[in-house]
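**Student:** Protein chains in written order, with our numbering: chain Y, 55 to 355; chain B, 55 to 355.
Hints are computed from structural coordinates only; laboratory data are not their basis. In this text, a Cβ means the ideal position worked out from N, Cα and C, and glycines have one as well. All clues stand as given, with none of them false.
Here are the simulated DSSO-like pairs of lysine-lysine, each with C-alpha atoms no more than 27 Å apart in a straight line:
1. Y:Lys296 - B:Lys321
2. Y:Lys182 - Y:Lys78
3. Y:Lys194 - Y:Lys78
4. Y:Lys182 - B:Lys321
5. Y:Lys182 - Y:Lys296
6. B:Lys296 - Y:Lys321
7. Y:Lys321 - B:Lys182
So the derived list for chain B, only partly shown, Cβ under 7 Å to chain Y, looks like this:
8. His245
9. Thr254
10. Val261
11. Gly272
12. Ala282
13. Phe306
14. Gly322
15. Arg333
16. Arg336
2 protein chains.
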Amino acid sequence: MLPFARVSIIGLGLIGSSVARAVKANMPEVRITGFDADPEVRDRAHDLGFCDDVADTAGTAVIDAGLVILCVPVGAMGLVAEQMAADLPADAIVSDVGSCKQSVAEALAAALPEATIIPAHPVAGTEKSGPDAGFATLFKGRWCILTPPTNAPEAAVAALSTFWQRLGADVEIMDARHHDLVLAITSHLPHLIAYTIVGTADDLGEVTQSEVIKYSAGGFRDFTRIAASDPVMWRDVFLNNKEAVLEMLQRFSEDLTALQRAIRYGKGDDLEALFARTRDIRRSIVEQGQDDDAPDFGRKH
Amino acid sequence: MLPFARVSIIGLGLIGSSVARAVKANMPEVRITGFDADPEVRDRAHDLGFCDDVADTAGTAVIDAGLVILCVPVGAMGLVAEQMAADLPADAIVSDVGSCKQSVAEALAAALPEATIIPAHPVAGTEKSGPDAGFATLFKGRWCILTPPTNAPEAAVAALSTFWQRLGADVEIMDARHHDLVLAITSHLPHLIAYTIVGTADDLGEVTQSEVIKYSAGGFRDFTRIAASDPVMWRDVFLNNKEAVLEMLQRFSEDLTALQRAIRYGKGDDLEALFARTRDIRRSIVEQGQDDDAPDFGRKH
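Please work from the sequences and hints to get the whole structure.
**Tutor:** Listed below in structure tokens is the structure:
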């Protein structure tokens with residue numbers, strides 16, 4: 055039983071093209087129509103062949119869709135939804151893959167007041183962007199969080215859950231506000247910090263950029279990996295999950311100030327106690343399959 | 055031509071045991087004597103067989119050494135040097151692998167006023183600890199920074215350089231103070247930040263630890279990897295490179311405050327400009343072989 059016969063994917067970058075490839079790999083009978091606002095991306099998607107059809111407008115892409123998934127930066131969701139509003143079938147489910155859920159829910163509801171909207175967020179990705187970067191196993195063993203509004207039809211939520219499970223994901227249902235808080239600490243703040251420290255290093259006068267690059271194996275290189283993620287996508291995340299990000303940032307800053315003070319006054323016991331505690335969280339992440347235990351610092355031997 | 059016929063390794067954890075394994079792999083004729091203050095580690099080293107001899111005291115470990123390498127936390131260097139002082143051959147070179155170089159140089163000079171001391175720092179590692187964690191290729195293609203005092207004999211510097219090159223490392227000579235500044239930004243600050251954010255996440259009331267772990271694939275898991283590094287080693291690094299770490303931390307905090315302000319006031323252009331700039335540094339790190347280009351976020355597919 056296929057949850058949808060025809061899926062439209064709007065936005066064919068890393069995530070959109072991975073969804074398309076994962077559908078092809080796991081539900082080959084499903085027809086996929088893709089669209090991207092960038093004509094070069096459309097051409098590339100056509101050449102790569104992960105869609106059955108590549109449409110020239112968002113409207114034509116959704117004409118006979120059972121499920122429409124918006125895979126664009128969260129700041130662009132409302133505009134894209136408006137562009138396809140006139141052509142959207144009345145029984146289609148509209149979903150997305152954005153990293154903030156309250157703002158996306160509001161934008162989609164405003165643009166598509168009659169539609170069945172079930173926002174979603176597959177917690178998976180890499181630091182690469184574009185249609186060449188996607189791959190069919192990106193969602194395997196990862197969590198996909200659905201944040202259906204309270205009045206969402208149960209059958210629609212069930213169908214979307216089945217869809218993501220067929221792509222290899224585990225599905226969790228969550229309140230949109232809580233999602234935004236959880237992701238602020240597990241994803242948004244780590245990215246913000248990685249971007250910041252790479253910028254700080256770039257601005258130093260006494261240490262040359264060439265030195266920063268040469269000796270990056272001491273830890274810095276892992277931050278540069280995260281800080282290579284798509285700039286527009288991340289700009290939109292911070293602007294659209296402002297409240298939760300600022301809250302987490304404030305807590306982080308307080309904790310950093312406490313550590314700064316421990317270093318200044320030579321409080322070794324305080325430092326060691328924190329450093330020992332953080333090991334336990336790492337152990338749980340490895341045990342639950344959310345990362346590899348290989349000693350790697352991001353590097354293959 | 056072997057740079058040294060007999061090498062003593064004091065401290066048999068990740069780095070010490072990797073040095074031993076790398077010597078065995080690349081210079082099998084060199085005799086290795088190992089010592090560790092922990093009797094369990096000595097027993098394990100004996101079983102693993104990466105040393106020719108495992109001594110019961112630091113003194114007996116160095117009796118006929120041409121090169122002694124201290125692979126202990128930087129706060130323990132002075133004590134270990136005192137313990138072996140009486141048995142150290144007059145012509146032996148004493149070196150180390152610590153992540154701070156000014157404090158180690160001072161501690162070793164105080165404990166061994168007559169010895170030829172050439173501090174060194176191989177910029178390589180993983181988040182694992184202990185004698186089982188080491189491997190022979192850890193230093194391959196990584197930089198080893200030597201910080202010889204101005205009066206160090208040229209021949210001794212040359213011999214130590216050859217030793218590290220034979221283990222696969224590229225050698226750089228640097229002033230100890232400059233080393234400490236470079237490593238503060240490329241290694242010490244990244245570790246401090248990673249430890250902090252993992253601690254912040256652990257303290258949250260609204261988001262459970264189980265949620266932090268489940269959704270860690272969004273970026274957080276890479277921080278937990280770094281924050282799983284040895285607590286005592288890192289405590290000592292921060293206490294012994296206090297000045298440079300506090301300086302870099304101050305700059306980082308200012309930059310983070312600027313980003314916080316950009317988010318609060320919705321300055322998307324400022325965010326995007328920084329996020330685009332940090333991509334270039336990543337590109338250089340990959341080009342220079344200091345990290346793998348595979349899109350991974352620390353995870354194997």
